[in-house]
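Student: Position chain C relative to chain H; hints supplied.
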Amino acid sequence: MNAMREISYRDAMREAIREALERDPRVFLMGEDVGRYGGTYAVSKGLLEQFGPERVRDTPLSELAFVGAGIGAALGGMRPIVEVMTVNFSLLALDQIVNTAATLRHMSGGQFGVPLVIRMATGAGRQLAAQHSHSLEGWYAHVPGIRVLAPATVEDARGMLWPAIEDPDPVVLFEHAQLYNTKGELPAAPREDIEHASVRRAGGDVSLIAWGGSLPKALEAADALASRGISAEVIDLRVLRPLDAETFLASVRKTHRAVVIDEGWKSGSLSAELAARIMEHAFYDLDAPVARVCSAEVPIPYARHLEEAALPQVPQIVGAVMQLMGTSA
Amino acid sequence: MIAAPPSGPVPYAREFALGLLADMLRIRRLEERCAQLYGEMKIRGFLHLYIGEEAVAAGAMRALAPEDSVVATYREHGHALLRGVSMNAILAEMYGRREGCSRGRGGSMHLFDASTRFFGGHAIVGAGLPLAVGLALASRMLGEGRVTACFFGEGAIAEGAFHESMNLAALWKLPVAFFCENNLYAMGTALARSESQTDLCVKAAAFGMPAMRADGMDVVAAHEAAKRAVAKVREGAGPVFVEFQTYRFRAHSMFDPELYRDKAEVQRWKARGPIHTFSARLKAQGMLTEEQFAEIDRQAMEEVRRAVEFAEAGTPEPVADLLLDVCARR
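Heads up: the sequence lines are chains H and C, in that order.
Just so we're aligned, residue 44 is where the first sequence starts under this note's numbering, counting upward by one.
Just so we're aligned, residue 679 is where the second sequence starts under this note's numbering, counting upward by one.
Heads up, some of the hints might be wrong.
What the hints assert, rightly or not - Here are a few chain C residues that sit away from chain H, every Cβ distance over 12 Å (derived from the structure): (1) Gly686; (2) Glu873; (3) Ala884; (4) Trp947; (5) Gln970.
What the hints assert, rightly or not - A few chain H positions that, by computed beta-carbon distances, are all more than 10 Å from chain C: (6) Leu91; (7) Met365; (8) Met368.
Claimed, not checked - Which chain C residues face chain H? A few, computed with CB under 8 Å, are given here: (9) Ser780; (10) Ala810; (11) Glu842; (12) Asp1003.
Rather than coming from a laboratory, the hints here were simulated on the basis of the structure.
This one's a predicted model, so the numbers in the text were calculated from it and none came from an experiment.
Yeah, the Cβ is synthetic: ideal placement off N, Cα and C, and Gly gets one too.
Chain H extracted, bound-state conformation (with noise of 0.2 Å):
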C-alpha cells in the first residue's frame, strides 16, 4: 500500500492549518485578507466558509497592530496564526516581534510566554522589484527568543505547523513564495519536528546547505554535479533558529567541503553564521575554505535578466562545487 499522496506545497499548507483549527478551539488565523480574498497566495481559501469570520479573521493594513494583538491573544490565553502577507511587510511589525514577542519571557523574569505562530511568504523570483523581494529570514534568526523555520517541502508545509503552535514561544514561519505551485508527494502521517535539519540527498564528495526556496535549487545542483562525477550532499537546515547544528557539521566531517545558498544578501547573512559555525567547529575537518552563493548586494530588481543574474542560480552553485573540488566547471 502506498500511504504517499501528490499534493502542492500550498495545499498542504492549508490542510495543516485547517487541522489545526480542527484539533484546537484556541487557534485562529489572522492577516490581511486571509478570509474573503482567501489569502494572498490562495493559502486560507475555503477556510473562512469552514471556520467562520471569527477564527479567520480579516484585519485591515495595521501589521503592527495585528501583530501585536497576536501577541496579546497568546498572552490571553489564545493559539493564533498570524499570517503577515510578506515578510516586506512584516518589517512595519518588527516593534511587536522583536521588542515584545521575543523579549517578554525572559524581561518577566518567566511569568509570560507568547504561543505565537506569524506565517509570511519570503523571497525574489516573480519579478515583484526591490519591495517585494526581500529574504530576510536571517535577521529574524538574529533573534533570541524566537523559533524560526523555514519549511521547503509539502511535507514540512504540512508537518511543521501543529508543533510551531504547539511551541510555548513566539515561532516566525517563512514560506517561500515561489514554493507555493511546486508539488510533492506526501505521507501519510508527515513528519511533525521543529528542531532538526534533514540530509535531502547523501553524498560523499561536498555538502551544500540550503533551505526554503533555495532547496530546489541546490537539489538540482547536486542532480547536475551527479553527472560530472561529483556526489553532493544536500542539507535542509529547516530550523533557522535555533540551528541544529550538528547535522551540518555531521556532513561537513564527512565530505570536508560546503556550500551555503542564502538568497539573502551575503554581508550580516544566516549564511555568514553557517560559514562561521564550520571554521569554529569543524576547521580541521575542512579541505577548502566554505564557499558561499548568496544574491548579488542589490535591491533585487525587476527586469527578469537583471532579477536572475542578482539571485542564486543552479549553475553559480555548481561552479562554487567545482572550485572547491579544484575542477574548473
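Tutor: Okay, now just chain C, sitting in the frame of chain H:
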C-alpha cells in the same frame, strides 16, 4: 490656563476615600525613596517617576476587577503597586534581585506579575496598545468578560501603534479601556509641539470611539471617569478612551535637566497636587484629621522601609541562570 486646584465634596464613604488617599501616598513615598536609592546607586538604569500623577492610577485601579487585565508603560511603579504587586517585589526588581517581580530581568521599566494580570511594563512608546487589543480579543473569543485597561502617555498618540490599535479595537468592538495619561510632555516635547490636533478626545472620535476627559489631578474625577469607562466597556459595546489631564512633578527620568519647562509652571501644577488637595477636601468634610493623615502616611513609609529591607536582603540571580527563560523551560 492651569485650572484651579481640585475642590468640592468627596462623594465616597470614609473607608473608600481614605483608601484612595493611602494608595496615592504609597506610590508617593515609594518613589521618593526610589529617587534617593537611585542617588545611592542602589537602583540603576532608567527610573521614571510618577510623582504628581498618582490620582490617575489610584482612581483607575479601583475601577477594575481582579479578573481584568492591565497593560502599562515604563512609568508603571504606581500601576503595579495598586494592581496588587507587592512593594517588596517591585523594589527588589529595581535592585535587580531574583526576588523581584521579574526576577531582576526587567528593572524599573519592566514590572510584570501574572497573578494580578499585570502584563507590564513596556518601554517602547505605544507598544502596549496592540498587546491590550490582543488581550481583549482573547477575552472575547474565550468568553471571559475581562476588561483590558491600557495605560499610555499622550506621547504615544504620535505613534502609528496608537492609531492602528484604536482602529482595530473599535472595528472589532473589543473590551479595552484606553487610559491616556496626558502629562503634557513627551519626555521634553510639549503636546502642542508634537500634535497638530491637541484635543485628544477628538482623535478617539475619529475612530467612532466614546471618549471622556477627566482631571487627572483629582482622584475623585479620575475614579469616576474610569468607573464609567470600565462599566461601558464591560457592557460589551466596544472600547472607550479616557484622557486624564495630569502633570509629572519630577523630571522625565533621572537624566533629565528639565530645560523644556519653567519652574513656575511646575509650581502652579504642584498647587493642584493630588494628595494635598484631596487631603484638604477630606479634612474640610470632617473625614480626616491631621493625626489620621499622619498615621496613613506613617504606614506608607513603614511599608517602604520594609520593602527596602527586603530588597537589600535580596539575592542576585546566579549568572549560571543567565539564559533561563529566553525560551520555555523544557
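Student: Where does the structure disagree with the numbered hints, that is, which hint numbers, in rising order?
Tutor: When the structure is compared with the hints, none of them turns out to be violated.
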